[in-house]
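Following the hints, complete the assembly by docking chain C onto the known chain G.
There are 2 protein chains.
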Amino acid sequence: MADRAAIEELVRFQGERVRDLKQQKASADQIEEEVAKLLKLKAQLGPDESKQKFVLKTPKGTRDYSPRQMAVREKVFDVIIRCFKRHGAEVIDTPVFELKETLTGKYGEDSKLIYDLKDQGGELLSLRYDLTVPFARYLAMNKLTNIKRYHIAKDFDIAGQFDPMIPDAECLKIMCEILSSLQIGDFLIKVNDRRILDGMFAVCGVPDSKFRTICSSVDKLDKVSWEEVKSEMVGEKGLAPEVADRIGDYVQQHGGVSLVEQLLQDPKLSQNKQALEGLGDLKLLFEYLTLFGIDGKISFDLSLARGLDYYTGVIYEAVLLQTPAQAGEEALGVGSVAAGGRYDGLVGIFDPKGRKVPCVGLSIGVERIFSIVEQRLEASEEKVRTTETQVLVASAQKKLLEERLKLVSELWDAGIKAELLYKKNPKLLNQLQYCEEAGIPLVAIIGEQELKDGVIKLRSVASREEVDIRREDLVEEIRRRTSKLLCIC
Amino acid sequence: MADRAAIEELVRFQGERVRDLKQQKASADQIEEEVAKLLKLKAQLGPDESKQKFVLKTPKGTRDYSPRQMAVREKVFDVIIRCFKRHGAEVIDTPVFELKETLTGKYGEDSKLIYDLKDQGGELLSLRYDLTVPFARYLAMNKLTNIKRYHIAKDFDIAGQFDPMIPDAECLKIMCEILSSLQIGDFLIKVNDRRILDGMFAVCGVPDSKFRTICSSVDKLDKVSWEEVKSEMVGEKGLAPEVADRIGDYVQQHGGVSLVEQLLQDPKLSQNKQALEGLGDLKLLFEYLTLFGIDGKISFDLSLARGLDYYTGVIYEAVLLQTPAQAGEEALGVGSVAAGGRYDGLVGIFDPKGRKVPCVGLSIGVERIFSIVEQRLEASEEKVRTTETQVLVASAQKKLLEERLKLVSELWDAGIKAELLYKKNPKLLNQLQYCEEAGIPLVAIIGEQELKDGVIKLRSVASREEVDIRREDLVEEIRRRTSKLLCIC
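Chains G and C are the protein sequences, given in the same order.
Per the working numbering, the very first residue in the first sequence carries number 1; after that it's consecutive.
Per the working numbering, the very first residue in the second sequence carries number 1; after that it's consecutive.
This is chain G alone, in the form it adopts within the complex (with noise of 0.2 Å):
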């Protein structure tokens, strides 16, 4: 199995990389650029051989990850995939390629941006762009009908046939939960259904054949102006300057459910069958979103389009705010951390059959958020504890060794997270010292009185208290202290 192995993690992180870059609306020039990278490699490290020096460094392009890095890391995929569980979710894991064809004609204008592993082999295999296309391909493979999961920490979606907008609420509702978990700002989630989109494109007068393309010119309204993107549907893609200005007018429109209600209205769009659908099941998913408590955060937004040809009904994308925003000003976006909609078409494609398996589902920006946390983690200098270690078991007097071991022993048994430090005798103050260092909240002085007591004397570091606790209360006595300190987050 060296070939599975190896080749598929030679594209994992390849894959992740293009799929964040995408995310964060990166160019396809971008993108391009860093899937060659790959393929320049041996230029790039030069072909000086014969005149390398013994220098103690990682390969060029590499890094090690810190105890504080991996700590971030370790907290962000804590709270995703607590949620994940939190709501029911299985995990599922497939290979980081797949057939080229598995992935043909999913992605649309994305489309280019698949990494083809052609030359690797005979199969024609490609780097998997994003997480939706496996999974509908594994519930074709194994005939599934209904599952709830997750996948490498980051996606997670539900397929089944059921009631509308049940499980697209429950995706909005983990967005939102996972998003203020993390503490790293205001957010907002824009909404929008693929079928207003279709339906306003038919109204305006688009040629059928133009919507998808159309569809990718304004999903680029989060980065450029009306007008770029105009000039680019007139000019590059031979849209009537018009047809264009009567989009205009729709997309640059957002709100709350008030506005579902008023396009309920709109004379053009009310008359189109799709729009109506599709605005009819935003009506209900706000409904849902509010018996969740989370329609402040959602904002029906027009403009939101998603450049991906397999969403079929409701799409969202979670942004960032930078700052609180202030009374009657806009906020100021600062890009997507987490996406979704709804794919009821793709299953089908894959089973022999065409049997249907419709599926919603969203990808949490991982990578993005490690640097947004890190970032702010450095600018706060807060400290970041890299361990967890509940208490050290430590002695006042010399001579106690065996007693430390023993007292260790038992509390790792108990499942207590304790250290002692590996000397003989230690010093009182350099235990506290420790103590403060890697900020163990408690510590379980052993000295010969409370030996023949028969009891530890429990000290808080912060607090300097000190209280003798009958030894066989001591575990108690920890879990009670240190679950007070747990964040619940």
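Keep in mind that a hint or two might mislead.
The list that follows gives simulated cross-link-like pairs (lysine-lysine, BS3-like), each with its CA atoms no further than 25 Å apart [stated by the list, open to error]:
1. Lys417(C) with Lys297(G)
2. Lys57(C) with Lys112(G)
3. Lys273(C) with Lys210(C)
4. Lys57(G) with Lys353(C)
5. Lys223(C) with Lys210(C)
6. Lys424(C) with Lys85(G)
7. Lys283(G) with Lys406(C)
8. Lys100(G) with Lys85(C)
9. Lys85(C) with Lys75(C)
10. Lys423(C) with Lys143(G)
11. Lys399(G) with Lys423(G)
12. Lys283(G) with Lys424(C)
13. Lys57(C) with Lys143(G)
14. Lys85(G) with Lys283(C)
15. Lys273(C) with Lys283(C)
16. Lys406(G) with Lys297(C)
17. Lys283(G) with Lys398(C)
18. Lys143(C) with Lys383(G)
19. Lys283(C) with Lys424(G)
20. Lys356(G) with Lys423(C)
21. Lys85(G) with Lys406(C)
22. Lys399(G) with Lys452(G)
23. Lys85(G) with Lys75(C)
24. Lys353(C) with Lys60(G)
25. Lys100(G) with Lys57(C)
26. Lys423(C) with Lys406(C)
27. Lys85(G) with Lys60(C)
28. Lys398(C) with Lys417(C)
29. Lys283(C) with Lys398(G)
30. Lys57(G) with Lys100(C)
31. Lys143(G) with Lys297(C)
32. Lys60(G) with Lys143(C)
33. Lys417(G) with Lys457(G)
34. Lys60(C) with Lys353(G)
35. Lys85(C) with Lys423(G)
Per label pair, the in silico range of CB-to-CB distance [as the list claims (entries may be wrong)]:
36. Lys452(G) with Val224(C): 49 to 59 Å
37. Ser380(C) with Leu321(G): 48 to 58 Å
38. Gly348(C) with Gln433(G): 21 to 31 Å
39. Ser231(C) with Lys85(G): 55 to 65 Å
Note that these hints are calculated values from the structure, not bench results.
Glycine is no exception: its CB is placed at the ideal position from the N, C-alpha and C atoms.
The following block gives chain C in isolation, referenced to the frame of chain G:
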């Protein structure tokens, strides 16, 4: 950074694979074959690109991981990581390839198994072969003298100048805790010391230059008979037969601390300074192991050699015992599942000024353990839960979707793992059946009467008992009931 990420990941699994094979004492041929597979991939897959026809499958040599398989992996990693954290370890990560010179000369006869990436670029690069040498390089590069860390959920090390045998004893305690928690059957940890081996070789008359190669021969004793090992020593490695016989007398012994004491009285061995130091330390180690209550799991075994060059002191290896050892019967080993030892010289090799950082560590054979756990589960037909949902929010009558959504949202916000069926009006029977299938232990049932009374009916799926709980007490009651159900392993 595409180059870094992609190349790192290219080699990650291959490195792990080779290392696991080594831990399982696979032959050099077998390992080289695994490496060759990768290179031959293109040829293996065949040139029939033109005849390709779309089939619903994963690429050759790849596989999906089902929720059940992922649940097994997650449980194993969870046990290991929790134990590492209980012992106060930080986590780091290093690239999957290193400069070739970083790895050169650290592994002895295993060096031929190192997979060079030389042809990938100008820098001479190699796959990491284990996590120990990269860790030593990390310490020297960052001028760290003290750290306790783990590395991708399987490697744990303690670096620093400490009093003898205290960290070594903790490593053995950790191995015992993990193997006990995993419940993969009875196990035994063989212990020896490089200094005892070297002293033994010296007093037996092995020339200094042959210590390492004879050490490698001894290392095979758990797979082949003494006769075969002797024939390799004499035939291939040119040792005098009487020297080999003297070695044979020693390496066929194993036992507890009494064997240590017996060898401390051995007229020849006790004259050798190195052997004496090793035996003295082992005696101290056994004292600490007794305090930790794990001396019964440890066997001092003179045939344990561990092939790698970098070990300088105590070495150990855990093996599973096929059946509970019957009185007087020799327990059958079924292969190594964890191993490690002390390597006090490795960091100094990397440090420009040769500063030493003593280290001791262990590595868990996770792929081996996954297979064992999976096999055991399949044999037992035990049901594996693939979600952690604590409660299903259900309704007894129609038209209660809104109430279900409100309640499930409250539970999510309180951190309860909760689900609901995505139907407007599901039948109660279907909701109960879903719980049976998914292993959900509790059902929170809303009915019109309950709404009037301000209560929720909480049903235990196992006992079918139902009790009305005041809505404000529901979260606490669910926590109380499910904490009892949690297995503390």
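Evaluated hints:
Between the alpha carbons of lysine 417(C) and lysine 297(G) the distance comes to roughly 23 Å, so the proposed pair stays at or under 25 Å and holds. Taken as a hint, the lysine 57(C) and lysine 112(G) pair is honoured in the structure, with Cα atoms around 23 Å apart against an allowance of 25 Å. Distance check on the hinted pair: lysine 273(C) and lysine 210(C) sit about 19 Å apart at the alpha-carbon level, within 25 Å; holds. Under the criterion of a C-alpha separation no larger than 25 Å, the hint pairing lysine 57(G) with lysine 353(C) is consistent with the structure, at around 15 Å.
Taken as a hint, the lysine 223(C) and lysine 210(C) pair is honoured in the structure, with Cα atoms around 22 Å apart against an allowance of 25 Å. Between the alpha carbons of lysine 424(C) and lysine 85(G) the distance comes to roughly 23 Å, so the proposed pair stays at or under 25 Å and holds. Pair hint lysine 283(G) plus lysine 406(C) holds up; C-alpha atoms about 18 Å apart against a cutoff of 25 Å. At roughly 42 Å between alpha-carbon atoms, lysine 100(G) and lysine 85(C) are farther apart than 25 Å, so this suggested pair is violated.
This hinted pair checks out: lysine 85(C) and lysine 75(C) have alpha carbons roughly 15 Å apart, not beyond 25 Å. Taken as a hint, the lysine 423(C) and lysine 143(G) pair is honoured in the structure, with Cα atoms around 22 Å apart against an allowance of 25 Å. With a CA separation close to 11 Å, the supplied pair lysine 399(G) and lysine 423(G) stays within the 25 Å bound. For the suggested pair lysine 283(G) and lysine 424(C), the alpha carbons sit about 16 Å apart, so the restraint of at most 25 Å is met.
Distance restraint check for lysine 57(C) and lysine 143(G): the Cα-Cα separation of roughly 12 Å lies within the 25 Å cut-off, and the hinted pair is therefore satisfied. A distance of roughly 48 Å separates the Cα atoms of lysine 85(G) and lysine 283(C); the hinted pair therefore is violated under the 25 Å criterion. For the hint linking lysine 273(C) to lysine 283(C), the alpha-carbon distance of about 15 Å falls within 25 Å, and the restraint holds. For the hint linking lysine 406(G) to lysine 297(C), the alpha-carbon distance of about 17 Å falls within 25 Å, and the restraint holds.
At most 25 Å may separate the alpha-carbon atoms for a hinted pair to count; lysine 283(G) and lysine 398(C) meet this at roughly 22 Å. This hinted pair checks out: lysine 143(C) and lysine 383(G) have alpha carbons roughly 21 Å apart, not beyond 25 Å. For the hint linking lysine 283(C) to lysine 424(G), the alpha-carbon distance of about 16 Å falls within 25 Å, and the restraint holds. With a C-alpha separation of about 18 Å, the suggested pair lysine 356(G) and lysine 423(C) falls inside the 25 Å cut-off, and the hint holds.
Between lysine 85(G) and lysine 406(C) the alpha-carbon distance is near 19 Å, which keeps this suggested pair within the 25 Å criterion. For the hint linking lysine 399(G) to lysine 452(G), the alpha-carbon distance of about 15 Å falls within 25 Å, and the restraint holds. This hinted pair checks out: lysine 85(G) and lysine 75(C) have alpha carbons roughly 14 Å apart, not beyond 25 Å. Pair hint lysine 353(C) plus lysine 60(G) holds up; C-alpha atoms about 24 Å apart against a cutoff of 25 Å.
Distance restraint check for lysine 100(G) and lysine 57(C): the Cα-Cα separation of roughly 11 Å lies within the 25 Å cut-off, and the hinted pair is therefore satisfied. For the given pair, lysine 423(C) sits about 15 Å from lysine 406(C) by alpha-carbon distance, which is consistent with the 25 Å threshold. At most 25 Å may separate the alpha-carbon atoms for a hinted pair to count; lysine 85(G) and lysine 60(C) exceed this at roughly 32 Å. The straight-line distance between the Cα atoms of lysine 398(C) and lysine 417(C) is roughly 24 Å, inside the 25 Å bound, and the hint therefore holds.
For the proposed pair lysine 283(C) and lysine 398(G), the alpha carbon gap of about 22 Å is at most 25 Å, so the pair holds. About 11 Å separates the Cα atoms of lysine 57(G) and lysine 100(C), which keeps this hinted pair within 25 Å; it holds. At roughly 48 Å between alpha-carbon atoms, lysine 143(G) and lysine 297(C) are farther apart than 25 Å, so this suggested pair is violated. For the proposed pair lysine 60(G) and lysine 143(C), the alpha carbon gap of about 20 Å is at most 25 Å, so the pair holds.
For the hint pairing lysine 417(G) with lysine 457(G), the CA-to-CA distance comes to about 18 Å; that is within 25 Å, so the pair holds. For the hint pairing lysine 60(C) with lysine 353(G), the CA-to-CA distance comes to about 24 Å; that is within 25 Å, so the pair holds. Taking the CA atoms of lysine 85(C) and lysine 423(G), the gap is near 21 Å; set against the 25 Å cutoff, the hint holds. In this structure the hint that lysine 452(G) and valine 224(C) lie 49 to 59 Å apart at CB holds, the actual value being about 56 Å.
The given range of 48 to 58 Å is respected by serine 380(C) and leucine 321(G), whose C-beta atoms sit roughly 52 Å from each other. Taken as a hint, the range 21 to 31 Å holds for the pair glycine 348(C) and glutamine 433(G), whose Cβ atoms sit roughly 27 Å apart. Taken as a hint, the range 55 to 65 Å holds for the pair serine 231(C) and lysine 85(G), whose Cβ atoms sit roughly 56 Å apart.
Hint compliance for this structure: hints 8, 14, 27 and 31 are broken, all remaining hints hold.
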